[in-house]
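Listed below are the residues making up each chain.
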Amino acid sequence: MTDTENSTDLELQLNRRGFLKGCTMVAAALGISEAMIPKLLEAATSAQRPPVIWLHFQECTGCTESLLRASHPDIGRLILDIISLDYHETVMAAAGHQAEKSLHDTLDKYAGKFLCVVEGAIPTKDKGIYCKIAGRTAVDILAEVAPKAAAIIAIGACATYGGIQAAEPNPTGSVGVQDLVSGTPVINIPGCPPNPISFLGTVLHYLTFNRLPITDNLGRPLFAYGRRIHDHCERRAHFDEGRFAEQFGDFGHRNGYCLYKVGCKGPETFSNCPSVRFNDVDAWPVSVGHGCIGCTEPNFWDTMTPFYERLPNVQIPGTSGITDVDSAGKTILGVAAAAVGIHAAIGIGKKVIKGCGCKNENKES
Amino acid sequence: MIYEKHYVWSILLRLYHWSLVSSIVTLAITGFYINSPWTLTTLEGTGLYPMLTMRNIHGLAGYLFTSAILVRLFLLLFGNRHERILDMLPVTSRNIRNMSTTLCSYSYLHDCHDEERLGHNVVAGMIYVLTIIAALFQMASGFYLRLPENVFWQKWGVMLFGTQQHARFEHHLLMWYFIIFALIHIYLVIWNDLKNPDGITSSIFTGNKFRPRNIK
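From first to last, the protein sequence lines stand for chains A and B.
So for the first sequence, my numbering puts the first residue at 663; every next one is plus one.
So for the second sequence, my numbering puts the first residue at 2; every next one is plus one.
Keep in mind the hints are simulated off the structure, nothing from the lab.
Some clues are possibly wrong.
Said to hold, decoys possible - Quick partial rundown of chain A residues pointing at chain B, CB under 10 Å, derived from the structure: (1) Asp-902; (2) Glu-903; (3) Gly-911; (4) Phe-913; (5) Cys-920; (6) Pro-929; (7) Thr-965; (8) Ala-1001; (9) Ile-1008.
The beta-carbon is built from N, C-alpha and C at its ideal position, and this holds for glycine as well.
Please build the complete structure, drawing on both the sequences and the hints.
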């Protein structure tokens, strides 16, 4: 939705045209009827829309960055315009005690009404000392804010499933929001970073219908995470026709063939990347020649690695060695074959020594 | 010694066995292809669709495999006395005796053979029950991978295996169980057939097994 009228100047206000286009785009991503768009617009401009408290824990701020510094400014502005951000460490003007006051004012004034957005994982090991803000641990802050929120949106791989902090061996005992919060509805917008449209869609859905969108079994909204990347991929025809890039830079890669054999995790990853895409340029990893790394799936740092192989490696029991599944399988098959050979050899040897087999004994008896 | 012919394996059990054999062979070959396609197609517009074809065959074989396992589950409960689960596990004193006889015989300690028994020996029976359980997991992970958007399979898939990638990994690992099972199974059938004149190999074609006449 490149807005040609706005693309060159740095206008801070979102104009009506950009606002309508952004909301329409979100409605399309949500898959709701055209007739609902006026309602969506009404909800987005309503004076009673809930304030938002945005908590940052163990994270890189990449989710906020990707949301607010989207190359087309409209989505970023739209987010700032339609949600009333009362506390967001990255973009708020207040600092120190003022920031804390703003947080507590919102908590008191809008208890049970505000939306809480969490970015980043929460470390739980050693009483949570690995992430502290204003002298309080992330666990404490979440425990204070979560019960008072109307709903919690966990944004990014870290807040949803722990992200890279929670990858083996997870030194700080990091977990996602859903592992700590009960009683308040939690919705997961995973991704590293997630598409701003998926976040915005969830917020607008909440503002319009006063409830969170339907989710799958991993707590992700179906409108954004209901389909596998593979099933909407523009390279899918190459997959079905058996045309694959064997390695990066080869004939197949240069001709845009399927990236399955260089480890693309599209077949096991649920996301709307191929249809919604990123930035203005309609690009997404697979369209520019790199396979999907499966960043919207739980614990993808552990399960989707090695990124350039199809399947995770197998840990050899009792050692620190790892091997791929098929080598492990072939080794066990080899051991079984050797055992079979030895077993047969013992049988034959025994027969030779005794001079007569049991078969004869049976017949004679 | 005079041997008597006994009808042991029903037609349904033999159908189950050969459906399972053909589906496992097909599933393993197409499965290897799907995991790591070896055809090098740089021609476009041929309309050959090797991956699509392999996936279709894999799916068809998967349904054959599922049907075979469902038939076996039925026979475990309602089959003849050799086919039921109680005859396969060391749960009766007769079966426990058979298990020790079989283990002694397999480890070459002595040459005795439980001539009275017509069905599976209990060691085989236990492995078969384990294999059916493995097959149920293989089926469940297969359906989860094939129908990822289906609410039923998604619920069970996430509970049993985790994400799609977990399921894919476990589906692939379990395939190796079936390959190793096939190797040992075929070896032990030949071994038993060489050792005992009960006609174990032909029984899966004809359904008949043999035992000395004087044994009741």
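Restraint satisfaction for Pro-929/A [CB to CB of chain B, less than 10 Å]:
7 Å, holds
Min Cβ distance, Cys-920/A to chain B: is it shorter than 10 Å?
This hint holds: Cys-920/A lies near chain B, its Cβ roughly 8 Å from the closest one there, short of 10 Å.
Quick check on the hint: Thr-965/A CB to chain B CB, less than 10 Å?
Holds, because the Cβ-Cβ distance from Thr-965/A to chain B comes to roughly 5 Å (cut-off 10 Å).
Cut-off 10 Å, beta-carbon criterion: hint that Asp-902/A touches chain B:
4 Å, holds
With chain B as the partner, please determine if Phe-913/A meets the hint condition of a C-beta pair closer than 10 Å.
6 Å, holds
Interface hint outcome for Ile-1008/A [beta carbon to chain B under 10 Å]:
Constraint on Ile-1008/A satisfied, holds at 6 Å.
Hint Gly-911/A vs chain B: min CB-CB distance below 10 Å?
15 Å, violated
Does Glu-903/A pass the interface check with chain B, least Cβ-Cβ distance below 10 Å?
6 Å, holds
Return the status of the interface hint for Ala-1001/A: holds when the least beta-carbon distance to chain B is below 10 Å, violated otherwise.
Holds: closest Cβ of chain B sits about 8 Å from Ala-1001/A, inside 10 Å.
Violated hint for the displayed structure: number 3, the only one.
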